[in-house]
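**Q** Following the hints, complete the assembly by docking chain B onto the known chain A.
Number of protein chains: 2
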Amino acid sequence: MIEDKTPQRTSISQLGEFGLIDHLTKNFEINQPSTLKGIGDDAAVLDFKDKKIVVSTDLLIEGVHFDLAYMPLKHLGYKSVVVNVSDICAMNAKPTQITVSVAVSNRFPLEALEELFAGITLAAKEYNVDVIGGDTTSSQKGLIISITALGEADAEEIVYRDGANSTDLLVVTGDVGSAYMGLQVLEREKQVFLVNPNSQPDLDAYTYLIERQLKPEARKDVRTLLHALEIKPTSMIDISDGLSSEIIHLCKKSNVGCNLYEDKLPIDPQLINVCEEFNIDSTTVAINGGEDYELLFTIKMEDFDKIKGNPNFTIIGHMTQESEGIHLITRANTKIELRARGWNALSED
Amino acid sequence: MIEDKTPQRTSISQLGEFGLIDHLTKNFEINQPSTLKGIGDDAAVLDFKDKKIVVSTDLLIEGVHFDLAYMPLKHLGYKSVVVNVSDICAMNAKPTQITVSVAVSNRFPLEALEELFAGITLAAKEYNVDVIGGDTTSSQKGLIISITALGEADAEEIVYRDGANSTDLLVVTGDVGSAYMGLQVLEREKQVFLVNPNSQPDLDAYTYLIERQLKPEARKDVRTLLHALEIKPTSMIDISDGLSSEIIHLCKKSNVGCNLYEDKLPIDPQLINVCEEFNIDSTTVAINGGEDYELLFTIKMEDFDKIKGNPNFTIIGHMTQESEGIHLITRANTKIELRARGWNALSED
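Sequences listed follow chains A and B, in order.
Counting from -8, one number per residue, gives the positions in the first sequence under the numbering used here.
Counting from -8, one number per residue, gives the positions in the second sequence under the numbering used here.
Misleading hints may appear alongside valid ones.
[Unchecked claim] Simulated restraints, written as ranges between beta carbons of each label pair:
| hint | chain 1 | residue 1 | chain 2 | residue 2 | range |
| --- | --- | --- | --- | --- | --- |
| 1 | B | N119 | A | L220 | 54 to 62 Å |
| 2 | B | L113 | A | N119 | 51 to 59 Å |
| 3 | B | I327 | A | D13 | 21 to 29 Å |
| 4 | B | D212 | A | Q5 | 34 to 42 Å |
| 5 | B | E102 | A | Q5 | 37 to 45 Å |
Calculated directly from the structure, the hints in this document are not laboratory data.
Backbone N, C-alpha and C define an ideal beta-carbon position, used for all residues, glycine too.
Isolated chain A, as found in the complex:
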């Protein structure tokens, strides 16, 4: 589908490796005071003074993590940055820099790479992170994006996965499951398109879900929100693989159990409608769907009053002793063991 959208096609080999890198990176600005030297030497040079540095990295592979049939390249570039910035936010740190490496097969014209980098540039601007380095090369097949994100925080601000206590409350930002259902809608439209390329999809009923899949945002605002409420989470993680998977991560790392309440799950009305249409249980989607990039965290019980009723946060459960296990408490008040059935990049299906 890329071919349809880019009438002009310039072969990337015309520019050569260095020419291509120069061309794609010339719009990147340096805005962070901690960036002393960005792109253009053997390495970037940074100075975080008395701050601690957090570092995270992710690899995105065409056909595994994204499908260019419905993922516009500009959105893909944006999302690639978001996914990494989200990991920095999940440490309660402030994102500051990223490196971006891209490998492409020769089927991609320069114009396609420009679209990808336009999305990266937009996200870098939105999240105020400097692009300080990277690598651009050819691949044997498809598009590969590798991003490393850096952030800064004071030592006492950083929140790990292992700090939850057995009496803590479990809190999530935003809503969950929408990005997964957005993907289901897009997959269905792709199948329709393959059968009848002339069909014009009406996606009005799905806009929120599709946006959550194609243009997710990292919750960089949560750090500020929590700071204003004078709450420091005891543990935190971002939701990339699915709520149940992330809850299990927090519990295992913190040696605690958890009760998650079905009736507390923050689910968007559009998700409920579309789940009915697809005949899927919306709780299953909310628990197992991934890629929401919301933050999941635990707080001390005594912080309850500070957070209750806040529209940015939903208390969805509480931690327990490790021996009590990890459970979903259904609306019918039955207790079901929570299992990670999130998306697995290494499954053979």
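**A** Same frame as chain A, but now just chain B:
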């Protein structure tokens, strides 16, 4: 050829993504005082105190940057780390941490990944860098390795590409061209093997060249050597794309010209013999061959006495005014314009 070497084959999908990451990363030790938290959270946490931080990243793609027909996976793991550490050394900084992301197709059994990580572990130990994060996922085709390296240095120690002056001397460590000829020998043996799989190659005459290709080392010693000599380079770069390409980088960034002397090029005797056998000009190989991972740097003319006769360093030329251009002065005392004909990852051949 991997299949021959791994009689035991465990499918990576058996372990699942998190199981695989745990399995492959469990041997990584934390040795750097600047690593506060390594693998196991959303991000690693580092503290460089009053040091500056240097960051570099590289992407290695099967079929583009390496060929598993003659590159054993353990060597590949080792070399992937070396390539990145070399960039940190080229800033005159001390390598401290790396992140490692790997994508593999299902044709790779777990035992192959274990070999790769054994090489990464060995290099991390050799260069005393902590592996602080990464990502392991599946690819549609082949093996993809993305490494980001971090290092530390005092502000006044860091050497950029743009500091060369028109009266500086040009110096290189070790010898050049050997890694390229090692690749030519391996390529020839691969062709022989394809024609006659029973042939037993006798590679005794090529051991040094092959080792330079399969097990290159980053020059982490140079920082200490120069410090002891009380020399601070004015500019520096590592030789990955070829000597001529790197000289041109230094000249362009520093706005100077250069005279490189053919008779000064440090060439190993084995390289000369093999170039004769292959009927290739050894100067061409020394100038254009890449992947030596030696350091190329400029020093003030007044530092000449400190460095002359030192077996670790060879003065191969001097910088000039920018208007004089960038030239090779041949043994016959003719002046040839230097062009970058190094390996280009984006060429269409």
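**Q** Give a verdict on every hint.
**A** Hints versus structure:
Checked against the hint of 54 to 62 Å, the C-beta distance between N119/B and L220/A comes to roughly 43 Å, which is inconsistent with it. Remark: the range hint 51 to 59 Å for L113/B to N119/A is contradicted by a beta-carbon distance near 39 Å. Judged by the Cβ atoms, the range 21 to 29 Å given for I327/B and D13/A holds: they are separated by roughly 26 Å. Taking the beta carbon of each, D212/B and Q5/A are about 40 Å apart, inside 34 to 42 Å as hinted.
Distance hint check for E102/B and Q5/A: the Cβ-Cβ separation is about 42 Å, which falls inside the suggested range of 37 to 45 Å.
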